[in-house]
Amino acid sequence: MLEQKLNALGITLQRPPKVIGSYTPIIKTGSLLFVSGQLPIELGSNPPNVLYKGKVGNEISLSNGKEAARLCTINALMHLKDFLPSLDNIEKFVKLTGYVNCDVSFTNHPEVINGASDLLVHLFGQKGRHSRVSVGLSSLPLNSAVEIDFIVEVGT
Amino acid sequence: MLEQKLNALGITLQRPPKVIGSYTPIIKTGSLLFVSGQLPIELGSNPPNVLYKGKVGNEISLSNGKEAARLCTINALMHLKDFLPSLDNIEKFVKLTGYVNCDVSFTNHPEVINGASDLLVHLFGQKGRHSRVSVGLSSLPLNSAVEIDFIVEVGT
Amino acid sequence: MLEQKLNALGITLQRPPKVIGSYTPIIKTGSLLFVSGQLPIELGSNPPNVLYKGKVGNEISLSNGKEAARLCTINALMHLKDFLPSLDNIEKFVKLTGYVNCDVSFTNHPEVINGASDLLVHLFGQKGRHSRVSVGLSSLPLNSAVEIDFIVEVGT
Chain V
1 MLEQKLNALG
11 ITLQRPPKVI
21 GSYTPIIKTG
31 SLLFVSGQLP
41 IELGSNPPNV
51 LYKGKVGNEI
61 SLSNGKEAAR
71 LCTINALMHL
81 KDFLPSLDNI
91 EKFVKLTGYV
101 NCDVSFTNHP
111 EVINGASDLL
121 VHLFGQKGRH
131 SRVSVGLSSL
141 PLNSAVEIDF
151 IVEVGT
Chain H
1 MLEQKLNALG
11 ITLQRPPKVI
21 GSYTPIIKTG
31 SLLFVSGQLP
41 IELGSNPPNV
51 LYKGKVGNEI
61 SLSNGKEAAR
71 LCTINALMHL
81 KDFLPSLDNI
91 EKFVKLTGYV
101 NCDVSFTNHP
111 EVINGASDLL
121 VHLFGQKGRH
131 SRVSVGLSSL
141 PLNSAVEIDF
151 IVEVGT
Chain D
1 MLEQKLNALG
11 ITLQRPPKVI
21 GSYTPIIKTG
31 SLLFVSGQLP
41 IELGSNPPNV
51 LYKGKVGNEI
61 SLSNGKEAAR
71 LCTINALMHL
81 KDFLPSLDNI
91 EKFVKLTGYV
101 NCDVSFTNHP
111 EVINGASDLL
121 VHLFGQKGRH
131 SRVSVGLSSL
141 PLNSAVEIDF
151 IVEVGT
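Protein chains in written order, with my numbering: chain V, 1 to 156; chain H, 1 to 156; chain D, 1 to 156.
Next comes chain V alone, as it looks inside the complex (with noise of 0.2 angstroms):
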């Protein structure tokens, strides 16, 4: 059902690539998922590209902003799909931690983050209202745009 919704966005969920490193991008304890730090991954890519890079504000618009932290949710969601057996699994949203990259003068940390919060709503309903804290960093891995972090509740 889930995947309906997504399929009527256009988004197709692949198997994500193998991770090689000694962190992974799940962990699970007790009815909680952590999913590692996403990326706004372009879907498909091999190797892996970042799609949004820069500062928002600056290289990057507020506009494609919202786009990174919507693509790195969707990133998160393949994961969590490759996870579980399926999406409608997932019980509720907990946290997003919504890192924006971008200079000291920049302001606007939740409309960017909004991005990945407005999908979620739009997915999941009630489900995906979560938590969340936004803030700026001065650079992030790759220089990526954004960068979000996630906690998921699942069914036992």
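These are computed hints drawn from the structure, not numbers from a lab.
Note that the coordinates shown come from a computational prediction; the quantities given were computed from them, not determined experimentally.
Watch out, some of these pointers could steer you wrong.
Calculated lysine-lysine pairs in the DSS-like style (CA-CA distance at most 25 angstroms, straight line) [stated by the list, open to error]:
| # | chain 1 | residue 1 | chain 2 | residue 2 |
| --- | --- | --- | --- | --- |
| 1 | D | 81 | H | 127 |
| 2 | H | 127 | D | 28 |
| 3 | D | 92 | D | 127 |
| 4 | D | 28 | H | 28 |
| 5 | V | 5 | V | 81 |
Fit chains H and D to the known structure of chain V by using the hints.
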């Protein structure tokens, strides 16, 4: 009882303003509450007025930075009071993440966030002692001087 | 057994210095331990001496940045050993948040935090694999090069 301690400090918690948007101030999962990032918003201001703006160590003194951290915490308590039957339902404070808006040469983040930590221990005693991280951000929403999010355990 | 692996690396965990203040190194909630932000403090130094100071990529080389992340992790293990009956009580590492002190052009945060991740997997094997986020901060407490906080699951 908690309310009395707050009143003794001259603090009266009002109903929080309605949050417009896709996220919410608090999400409960199991016995944990995740409180969204709190800004130092003037109590009772409507529309919400961020009382401490700018970089701590520059436009904002260390002492006012501590006040800002304290006010973030009072805003968190306002939301917790609204969410819980009573603030006395709080079992313990688990974790604070303290984000300080400052420039690249600032090094005294822990002293700023002590404004939050000291208030919690003053009000909640042993239950107010928490784990914590303090970091320096190049920018924060609305140019807020400090932002803090909280994880709280409640009785079930 | 964990202690033996540590000793084989030439690491001896001493009792941590008493923390003065309103926060504490570790809070337990359910089966989770939240470990406060750890700095790369020289083992056994008293008063605590931050061994790696400055911006990674500038005053601190990438290689020393990794060492700093590794030392943050050893400090976390020191607190975990002090808190738990034994490090063997650790069920798994759930989440690392890696904060790298660096300037606006730095992009290699994941490689820095690998200094932490690789040590955990070396010591704990599959239980050491964790979810993670790495971000770039414009400043950190005491001008530390790296700060890391941890969420750990223990047996009940």
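Structure-based check of all given hints:
1. Under the criterion of a C-alpha separation no larger than 25 angstroms, the hint pairing residue 81 of chain D with residue 127 of chain H is consistent with the structure, at around 23 angstroms.
2. Proposed proximity of residue 127 of chain H and residue 28 of chain D is supported: the alpha carbons are some 12 angstroms apart, at most 25 angstroms.
3. For a cut-off of 25 angstroms, the pair hint linking residue 92 of chain D to residue 127 of chain D stands: about 4 angstroms separates their Cα positions.
4. For a cut-off of 25 angstroms, the pair hint linking residue 28 of chain D to residue 28 of chain H stands: about 17 angstroms separates their Cα positions.
5. The straight-line distance between the Cα atoms of residue 5 of chain V and residue 81 of chain V is roughly 14 angstroms, inside the 25 angstroms bound, and the hint therefore holds.
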